[in-house]
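2 protein chains.
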Amino acid sequence: MQTIRIERTACPKEKPGKENPLTFGTIFTDHMFEVDYEEGKGWYDPRVVPYHKLELEPSSMVFHYGQEMFEGLKAYKTEEGKILLFRPDKNIERANRSNDRLCIPEIPEELFLEALKTVVSVDQDWIPTKPGTSLYIRPFVIATDPFLGVRPSHTYKFMIILSPVGAYYASGLDPVKIWIEDDYVRAVKGGIGEAKTGGNYVASLAAQVKAHDEGYSQVLWLDGVHRKYIEEVGAMNIFFKINGVVITPELNGSILPGVTRDSVLSLCREWGIKVEERKISVDEVVAAARSGEMEECFGTGTAAVVSPVGELRFEEERMSIGGGKIGELTQRCYDTITGIQLGRLTGPAGWSVEVK
Amino acid sequence: MQTIRIERTACPKEKPGKENPLTFGTIFTDHMFEVDYEEGKGWYDPRVVPYHKLELEPSSMVFHYGQEMFEGLKAYKTEEGKILLFRPDKNIERANRSNDRLCIPEIPEELFLEALKTVVSVDQDWIPTKPGTSLYIRPFVIATDPFLGVRPSHTYKFMIILSPVGAYYASGLDPVKIWIEDDYVRAVKGGIGEAKTGGNYVASLAAQVKAHDEGYSQVLWLDGVHRKYIEEVGAMNIFFKINGVVITPELNGSILPGVTRDSVLSLCREWGIKVEERKISVDEVVAAARSGEMEECFGTGTAAVVSPVGELRFEEERMSIGGGKIGELTQRCYDTITGIQLGRLTGPAGWSVEVK
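The listed protein sequences derive, respectively, from chains S and E.
When the letters of the first sequence are read in order and numbered with numbering that gives the first Met the number 0, they come out as residues 0 to 355.
When the letters of the second sequence are read in order and numbered with numbering that gives the first Met the number 0, they come out as residues 0 to 355.
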């Protein structure tokens with residue numbers, strides 16, 4: 000593997016004060032990882048360098064044809080001062096599946112993992128330690144050919160930036176209100192819904208703005224073909240607990256395969272809870288919410304980890320879930336996953352990767 | 000309206016030599032237009048400045064969440080030396096419809112048109128005059144907030160860059176071979192297919208690569224719901240002439256409303272040719288191609304203007320159209336539209352806008 004060279008900043012920035020609660024994704028650390036790609040040459044010159052602006056041609060393909068991929072994961076500092084990454088192999092694997100769909104060249108897994116470890120290690124003093132905080136890691140690739148024809152780019156930049164963060168939702172673990180959207184569509188089978196790429200997120204904005212205006216924090220998407228089956232929430236996968244069974248939509252080609260989704264499924268199975276990955280229609284969800292058989296509902300995602308849903312709104316109907324309080328299983332998933340992330344609990348083999 | 004300030008370059012670039020045939024979208028002129036947006040302040044400081052690299056934070060939202068819009072139109076120099084834009088009002092109107100879908104603030108129409116005229120005027124010596132060449136104009140907007148949460152950006156940059164171009168297809172007006180795709184999907188109703196934005200183009204790359212590998216230059220998309228109805232070609236709208244009737248898919252929410260598409264429809268109607276904007280299934284297309292009732296097939300788009308289709312491939316079947324030669328109507332549309340663009344013919348009122 001190529002050696003990652005390190006160039007340290009001469010002017011470290013001031014770290015966020017301990018008194019201010021951290022928000023999400025606004026503050027960036029002193030360094031970033033960068034590696035370039037050129038067709039025929041491959042990925043070259045991997046380096047950790049001072050955090051800096053990018054200089055790009057206005058004709059760079061990323062600005063015009065959306066050829067971009069991103070990932071999101073977190074680093075935590077344990078009480079003993081160890082630095083842990085949570086299941087980075089899953090993010091690396093998914094990144095390369097996204098790359099494949101987007102015609103972006105594969106990133107060698109070993110280089111990707113080493114890059115994560117190196118940049119986090121260099122900026123380890125930026126990892127916050129207050130409850131609910133962590134260092135959010137954003138790997139991303141952009142297409143850089145200065146060319147206006149439509150084809151895959153021949154050059155790319157893969158970067159990793161770091162941001163000390165607090166809770167994704169300002170409300171923390173308070174249950175959120177979710178709007179079930181039946182007009183706009185996020186993605187469809189055969190499209191790019193499975194890939195972690197900008198096009199899926201910009202597609203979600205108009206519905207999100209509409210939901211916000213109505214007092215809802217996220218949108219729950221229905222499938223684009225039947226406009227009937229539950230897909231995912233804006234930035235999360237979705238779980239329902241109905242009559243003791245945990246149900247989440249199956250990965251069908253238009254849903255993002257979340258790492259936290261996979262972790263919740265693994266834990267529930269380990270705990271002997273019946274889980275089902277299957278199609279679930281909005282009618283089934285509404286019926287279960289009305290009858291009170293829906294015991295819990297929660298979203299899962301790297302940014303929020305586990306986020307309880309206290310209200311679902313479909314058309315004109317508002318359905319309260321679990322009396323607007325966080326459910327027992329939701330809390331258990333949150334406590335267990337954050338416990339493993341913080342090194343207080345031992346998770347399944349390979350879930351915690353230490354940065355030396 | 001705000002005045003557009005002009006800062007001319009001190010180091011003009013060398014223009015492409017007359018001996019080399021121009022390609023598409025690789026060479027850029029001496030200047031570009033730029034205007035910034037900030038929430039609460041609106042669009043400010045419109046300017047034509049020397050063509051330059053963009054300096055952007057790596058956390059700029061455009062790199063992560065695909066909030067970007069583009070347009071494409073062309074400027075021509077007539078034999079008398081007049082500079083003409085072709086239907087810029089249609090591009091401006093569509094840009095703002097795209098912006099609306101993408102939660103990007105509206106660009107004042109008057110400013111947009113003035114920006115087009117000013118930057119083209121400043122770089123008018125770059126307009127090529129050989130047959131088949133023109134100055135391609137690329138207006139585009141990118142989201143620039145340095146923020147990793149998912150929401151519409153509060154800051155944007157709107158730019159216009161210019162590129163002297165030859166034919167979009169190296170083959171010129173030679174009929175192209177089109178691959179009808181039945182696996183990948185470009186867009187679906189409720190999504191962003193109607194908007195001119197990167198996400199639709201990156202979604203098209205994998206199928207395009209597959210088609211290229213099979214010797215086809217473009218992909219013809221089927222709808223994402225039924226996988227049955229014809230939508231559009233990679234970078235063009237599509238027309239069929241079957242038994243004397245010109246048919247093109249209706250604008251259904253997932254198809255890009257092309258300016259050339261609209262122009263061809265207007266001209267055909269003016270010429271007394273029966274046109275139908277309606278759903279057309281791949282079965283109907285295949286049956287008409289097999290029986291020989293399909294007289295012509297062509298794509299329309301700003302880059303290629305009109306592009307004859309000589310072969311359609313669906314599953315294992317290859318269907319030759321018009322004996323692989325350009326059809327009469329296809330040629331007439333091409334000659335008329337380029338004639339109007341070059342000022343040799345008088346088009347409908349408002350189609351030609353002069354840059355003084």
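None of these hints come from the bench; they were simulated from the model.
Misleading hints may appear alongside valid ones.
[Said to hold, decoys possible] Label-pair ranges, simulated between beta-carbon atoms:
#1 E:Asp261 x S:Ser265: 34 to 42 Å
#2 S:Ser290 x E:Asp212: 34 to 42 Å
#3 E:Lys227 x S:His153: 32 to 40 Å
#4 S:Val244 x E:Asn242: 38 to 46 Å
#5 S:Ser120 x E:Ser280: 43 to 51 Å
#6 E:Asp261 x S:Pro130: 53 to 61 Å
#7 E:Asp212 x S:Lys324: 35 to 43 Å
[To be verified] Short derived list, chain S residues pointing at chain E, Cβ under 10 Å:
#8 Asp29
#9 Trp42
#10 Tyr43
#11 Tyr50
#12 Lys81
#13 Ile82
#14 Thr132
#15 Leu172
#16 Lys176
Everything numeric in this text was worked out from a predicted model, so none of it was measured.
No residue lacks a Cβ here, since even glycine has one placed at the ideal position from N, Cα and C.
Going through the hints against the structure:
1. E:Asp261 x S:Ser265: 34 to 42 Å: violated, 53 Å
2. S:Ser290 x E:Asp212: 34 to 42 Å: With a Cβ separation near 53 Å, serine 290 (chain S) and aspartate 212 (chain E) fall outside 34 to 42 Å, so the hint is violated.
3. E:Lys227 x S:His153: 32 to 40 Å: holds, 35 Å
4. S:Val244 x E:Asn242: 38 to 46 Å: With a Cβ separation near 57 Å, valine 244 (chain S) and asparagine 242 (chain E) fall outside 38 to 46 Å, so the hint is violated.
5. S:Ser120 x E:Ser280: 43 to 51 Å: violated, 58 Å
6. E:Asp261 x S:Pro130: 53 to 61 Å: Cβ of aspartate 261 (chain E) to Cβ of proline 130 (chain S): about 58 Å, so the range 53 to 61 Å holds.
7. E:Asp212 x S:Lys324: 35 to 43 Å: For aspartate 212 (chain E) and lysine 324 (chain S) the Cβ distance comes to about 56 Å; the hint is violated.
8. Asp29: violated, 13 Å
9. Trp42: Nearest chain E Cβ about 17 Å off; hint violated.
10. Tyr43: With a minimum Cβ separation of about 19 Å from chain E (threshold 10 Å), the hint on tyrosine 43 (chain S) is violated.
11. Tyr50: With a minimum Cβ separation of about 7 Å from chain E (threshold 10 Å), the hint on tyrosine 50 (chain S) holds.
12. Lys81: Violated. Min distance 25 Å.
13. Ile82: Not OK, violated: isoleucine 82 (chain S) not within 10 Å of chain E, min 21 Å.
14. Thr132: violated, 15 Å
15. Leu172: It is violated, given that the least Cβ distance between leucine 172 (chain S) and chain E is near 18 Å, above 10 Å.
16. Lys176: violated, 16 Å
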